[in-house]
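Number of protein chains: 2
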Amino acid sequence: MYFVTGNEHKLREASGILAPYGIRVVRLYERKLEVQSDSLEEIARIAAESIERKDILFFVEDAGLFIRALNGFPGPYSSYVYKTIGLEGVLKLMKGVTDRSAVFRSVVALNVPRVGIKIFTGEVHGTIAEDIRGTHGFGFDPIFIPSGSNRTFAEMTPYEKNKVSHRAISLTKMAEWLISNSQQQ
Amino acid sequence: MYFVTGNEHKLREASGILAPYGIRVVRLYERKLEVQSDSLEEIARIAAESIERKDILFFVEDAGLFIRALNGFPGPYSSYVYKTIGLEGVLKLMKGVTDRSAVFRSVVALNVPRVGIKIFTGEVHGTIAEDIRGTHGFGFDPIFIPSGSNRTFAEMTPYEKNKVSHRAISLTKMAEWLISNSQQQ
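First to last, the sequence lines map onto chains A and B. Under our numbering, the first residue of the first sequence is numbered 1, with each subsequent residue one higher. Under our numbering, the first residue of the second sequence is numbered 1, with each subsequent residue one higher.
Worth flagging that the hints you see were computed from the coordinates, not collected in a lab. Mixed in with the good hints, there may be bad ones.
Claimed, not checked - Derived coverage of chain A by chain B (criterion: at least 3 residues anywhere in the stretch with Cβ under 8 Å from a Cβ of chain B; other residues may be distant):
(1) 24-35
(2) 66-73
(3) 81-93
Stated by the list, open to error - Distance condition first, Cα-Cα at most 27 Å in a straight line; then the derived BS3-like pairs of lysine-lysine:
(4) A/K92 with A/K32
(5) B/K54 with B/K163
(6) B/K118 with B/K54
(7) B/K118 with B/K173
(8) B/K32 with B/K118
(9) B/K83 with B/K32
(10) B/K54 with A/K95
(11) B/K32 with A/K54
(12) B/K32 with A/K95
(13) B/K54 with A/K32
(14) A/K163 with A/K173
(15) A/K32 with B/K118
(16) A/K95 with B/K92
(17) A/K32 with A/K173
(18) A/K118 with A/K95
(19) B/K118 with B/K95
(20) A/K95 with A/K54
(21) A/K163 with A/K54
(22) B/K173 with B/K163
(23) A/K118 with B/K118
(24) B/K95 with A/K83
(25) A/K32 with A/K83
(26) B/K92 with B/K173
(27) A/K83 with A/K95
(28) A/K118 with A/K83
(29) B/K83 with A/K92
(30) B/K92 with A/K92
(31) B/K92 with A/K83
(32) B/K83 with B/K95
(33) A/K92 with B/K54
(34) A/K83 with B/K54
(35) B/K118 with B/K83
(36) A/K163 with A/K118
(37) A/K32 with B/K173
All C-beta atoms, glycine included, are put in the ideal place defined by N, C-alpha and C.
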């Protein structure tokens, strides 16, 4: 099935997460509309709606890191924040901050021909690390430690991250919906 | 003429800037599309294009503070950054940073019936203050000192800010275009 994304890392993660369900992910090059919104769900839904080819099964995904002490920053603008102030900038903002709790959220918007858009969400609670750790993954992975672990996402292998990540949760929900739905037909 | 905005402060500033040109600004409540983009011009243009009532003269405006040492952050996402990490957050990011230069940019997209969208830009260079100063204005005004002044935008009266601001420059260009264009007809 098709994944409309400009992000190589996301494509690789989605392939790894969906392969056990027998779903092969193919990248689709389509322009999509990305709106400014505090809601990842709204961003993903409008992006999916903006893609003209409604006759094929495809999905888009939007994700963000929401840090409690920073009122949800960087949230939906995580990729812009990553490429401007970077990991160092976020750690500087968190310097001396006691409440380091954060949530990584993922929203998948799936286009089902003749049905419409279905939304699947995933989130992982965790904390912001004191320093940059690990080389795997991408984006804010080197500073996010999921609850129940003492390693950052970037210190996990792709296989390990794909078992617990926000993106694994949203995409697994999508896979299960697709499977149960195809059995009904 | 009509200004499509959800920002009371911008409405007041635009009124003050355009009054000397005999232009009365009226707020128009229309939903507009705000896309994610590194370009203010693209954001303003798409917002203007998204408004259905193309039969009336209206404008939209988008602005942002671009800090050099932070690779342009907060840029097009200034209002989101303001409401999450705030002035204190930006000052914390700038702690110990020597290069404090920044630019405030404004882009106006004017819809002219039967003509299309015209773009007018304005920018003011300056520096980021060491601390929060002044009570006038809004947004990042209390930490921005325009070149040639020793006061922040928030330490200036609205009248003073409206003589030198990025928004004054873009809106004045629009006013002059409107006047010279109406004389030709």
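Now the hints, each set against the structure:
no. : hint               : in the structure
1   : 24-35              : holds (count 3)
2   : 66-73              : holds (count 4)
3   : 81-93              : holds (count 7)
4   : A/K92 with A/K32   : violated (33 Å)
5   : B/K54 with B/K163  : violated (31 Å)
6   : B/K118 with B/K54  : holds (13 Å)
7   : B/K118 with B/K173 : holds (11 Å)
8   : B/K32 with B/K118  : holds (17 Å)
9   : B/K83 with B/K32   : holds (20 Å)
10  : B/K54 with A/K95   : violated (49 Å)
11  : B/K32 with A/K54   : holds (24 Å)
12  : B/K32 with A/K95   : violated (38 Å)
13  : B/K54 with A/K32   : holds (24 Å)
14  : A/K163 with A/K173 : holds (13 Å)
15  : A/K32 with B/K118  : holds (25 Å)
16  : A/K95 with B/K92   : holds (9 Å)
17  : A/K32 with A/K173  : holds (23 Å)
18  : A/K118 with A/K95  : violated (40 Å)
19  : B/K118 with B/K95  : violated (40 Å)
20  : A/K95 with A/K54   : violated (47 Å)
21  : A/K163 with A/K54  : violated (31 Å)
22  : B/K173 with B/K163 : holds (13 Å)
23  : A/K118 with B/K118 : violated (38 Å)
24  : B/K95 with A/K83   : holds (19 Å)
25  : A/K32 with A/K83   : holds (21 Å)
26  : B/K92 with B/K173  : violated (35 Å)
27  : A/K83 with A/K95   : holds (20 Å)
28  : A/K118 with A/K83  : violated (30 Å)
29  : B/K83 with A/K92   : holds (18 Å)
30  : B/K92 with A/K92   : holds (7 Å)
31  : B/K92 with A/K83   : holds (18 Å)
32  : B/K83 with B/K95   : holds (20 Å)
33  : A/K92 with B/K54   : violated (46 Å)
34  : A/K83 with B/K54   : violated (37 Å)
35  : B/K118 with B/K83  : violated (30 Å)
36  : A/K163 with A/K118 : holds (23 Å)
37  : A/K32 with B/K173  : violated (33 Å)
Violated hints for the displayed structure, listed by number in ascending order: 4, 5, 10, 12, 18, 19, 20, 21, 23, 26, 28, 33, 34, 35 and 37.
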